[in-house]
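Chains as they are written, first to last, in numbering that gives the first Met the number 0: chain Z, 0 to 324; chain R, 0 to 430.
It is worth saying that the hints were derived from the structure and are not from the lab. Don't take each hint at face value.
Here are some of the chain Z residues that sit facing chain R, going by a computed Cβ distance under 10 Å [stated by the list, open to error]:
| id | residue |
| --- | --- |
| 1 | LEU23 |
| 2 | GLN215 |
| 3 | TYR216 |
| 4 | ASP218 |
| 5 | LYS221 |
| 6 | ARG229 |
| 7 | PRO237 |
Just so it is clear, CB atoms sit at the ideal spot from N, CA and C, and this is done for glycine as well.
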Amino acid sequence: MKAKSKKRNQWKAWLYLLPMIILLLVFTVWPIINTVRIAFLCRWDPDVGAIVGYDYQTSMLENVHYQFGINNFINVFAAGNSFLTALGNTMLLTVLTVPISTMLALLIAVALNSIKFLKKFFQTVFFLPYVTNAIAIGMVFATMFGMIWPSPAKPPTSVGIINTIIEAFGGHYVNWIDRGSSYWANIAVLVTYIVWNALPFKILVLLGGLQNVDKQYYDAAKVDGASRWRIFWRITVPLLSPMIAYVVITGFIGGFKEYTSIVGIFGEDMGPYGAPGKLNTMVGFIYDSIPHNQGKASAAALILFAIIFIVTMINMYVSKKKVHY
Amino acid sequence: MKVVLQHLTKIFPSRNKKDAGAEVVAVNDFNLEIPDGKLIGLLGPSGCGKSTTLFMISGLQEPTAGKIYFGDDDVTKLAPENRGIGLVFQNYALYPHLTVQQNILFPLQNLKGEKRLSKEEMLARTEQVAKLVQIDEYMNRKPSELSGGQQQRVAIARALVKMPRVLLLDEPLSNLDARLRLQTREEIRRIQRDTGITTIFVTHDQEEAMSISDFIVVMKLGVIMQTGKPQWVYDDPANLFVAKFLGAPPINMFAGMVRGGKLYIGEEAVMDVDGAADQEVYVGIRPEGFILDRAGSLTCKVSGIDVMGRDISVVSTHENSLNPVVRSIISADGIKSITGDTVRFSLKQHKVFLFNKETEARVYFGEQVATHEAMIAEMAAEGQVYAAHEGPLPREADDKDKPAAAKEKKSKRFGKKRAGSQDHADSEEKR
Ligand SMILES: Nc1ncnc2c1ncn2[C@@H]1O[C@H](COP(=O)(O)OP(=O)(O)OP(=O)(O)O)[C@@H](O)[C@H]1O
Ligand SMILES: [Mg+2]
């Protein structure tokens, strides 16, 4: 009797879940499976919607469905240096932004947690970038760092606010993002932008963690005579370590999927004027490949997935050792 | 290290700026001198300001007024880390991410300058303290892998490792089960004797305070009600609150009257009370203060007899009793003489306490006057100052005026307490 009603309840539960399951199957699970399939199909021709056979000599257009191989992966790496450029840019941005944004977020969260006056106000201020459109912020950054420079032969007619500030302090303006700007200047701007964009979420998570830390640990540490610095490193950081691990892991995942920030600042050319693709990322590379070669795009997506998977595994492994409970 | 508290007061400001009356006077003009090397028990119902007193001594909270001296040093303004105190928190506050050893090491690693020890010295000191509290086997465990009693000992070790001048313990046993509580309190006593560190032990369990302390301080609503040796405070309570708060089973209270040197409970003159002026009184009689006596003058209706081995407890009722039942403890031999449904008692003079109905202060009579004075003299000889609260509490009037919501909040606080001390809280509430 009881078992029966339990079974019926289970049916109900499945029924309620069904719409979501169907949506997930159609829009998430199937595309994932299909991506894997396409990545391993040889010579996928998007026009034909099938595999194009090898034998052009005999003019035989053989539709060899389901012939699998690693051809697409070879194509990814054969695509000149563009994939390696994208991979390098992505790695560099991730490796730079995750530690910087995590450290900054930690400091800001601790500071926010310790002030009383205007606490709510500052919490809101620091959260604002989270609810602002990333492309819009990118455009603002582009204006701040950019300059109006009609002729490369002459100095710019007008510079952005960042350069104005640099000049106010007696420095020379820097070509951050415009034609002929250096790679490291570009990266500096991107890092600033990405860190800025990543901060609110991290601050939110860490602040939540901080507010859950029992105040008595701090009282105990005070009685034990620990300096502020030691309290931070020996008490706050370890007690927050689960949150920090979460923020770092999601930060890496987000970093490897970096794309909008570059579009926001440099536009869809993924590079400063005159050097398109210079700042391309993995996701950018995938998007670029989709129109003319879905097989290559899928293969690149799988590579990206593998990288994220491995890095996340390493992160998890390290955090298991370092996270304390 | 002698600890002196002078006019120590802590007022928590009202959260609501408009209603200044909502401020909490957690500790009210607290004066106390704790002789060097003694263990004192700070005792009182939940919310009476024990932790607040302790936090002020530790420096974690700043007094609103008053001064704190360690020896001859005024430490009132000193930061906690410079006071040389060890503090064990109500729930230990062990660092969950550090092992037992790292927890105990932590205070040592914070030492700077001259006081800084070498690594070997630190480890040796840690080892030594761990041995003292008998946790040296668990050095590499995390706090979550220890039992409550073990955690508590780690907390004590962490407090002791710096060789504090004063050790402060905030209800350290409240999280333990009855057996462990008994065992650990013996251990705290032993450790305190071994180290000779002046120790303040906070509890709301009167039995705990009585058994462990050199002397106890009974508090209510932030005010000292009485100080003294445990047995002394039990035998010679200075006011109604102390009499009711100490003793298990609790004291029996009656409404009574002193007229012409005789004490009346109802219409019966139960006892001669020489030297007491005519007045309305509360009569407190300890359970062991009753003597079965056919010629006795206090007549009660028997409602039950509990046999407790050597003794029996006669549960009876009396119309002038302020408690639902009158509980007396007499020797088991007496059981034969209880026949019928009434029982007559005569009373032991030194187990009967009178309190003025208005002020609730003790009314001494007969030999009690001399005993009381002898005990004060004894205390003075040991360098302690007798302190007792007489007269109504300054805040009780306010209490009645408080809006119902505030009162309800308070009773909720009481409701949270352990079952063991519930009766005290209840008797508190009823008053
Ligand atoms: N930070 C605070 N702000 C306002 N009121 C407080 C604060 N801390 C304590 N109080 C109040 O001061 C009074 C004394 O509190 P305290 O913590 O000292 O009690 P306690 O005797 O330690 O009680 P318990 O046995 O429950 O631990 C209580 O009425 C409490 O509500
Ligand atoms: Mg307390």
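Structure-based check of all given hints:
A hinted interface residue such as LEU23/Z counts as satisfied when its beta carbon comes closer than 10 Å to some beta carbon of chain R; here the least separation is about 38 Å, so the hint is violated. A distance limit of 10 Å between C-beta atoms decides the matter here; for GLN215/Z the minimum to chain R is near 4 Å, and the interface restraint holds. Look at TYR216/Z: its Cβ gets to within about 6 Å of chain R, closer than 10 Å, so that hint holds up. The criterion of a C-beta within 10 Å of any C-beta in chain R is met by ASP218/Z, whose closest approach is roughly 5 Å, and the hint holds.
Hint status for LYS221/Z: holds, given a least beta-carbon distance of 5 Å to chain R, under 10 Å. Evaluation of the ARG229/Z hint against chain R yields a held restraint, the C-beta minimum of about 6 Å falling below 10 Å. Against a cut-off of 10 Å between C-beta atoms, the interface hint on PRO237/Z holds, since the closest Cβ of chain R lies about 4 Å away.
Hint compliance for this structure: hint 1 alone is broken.
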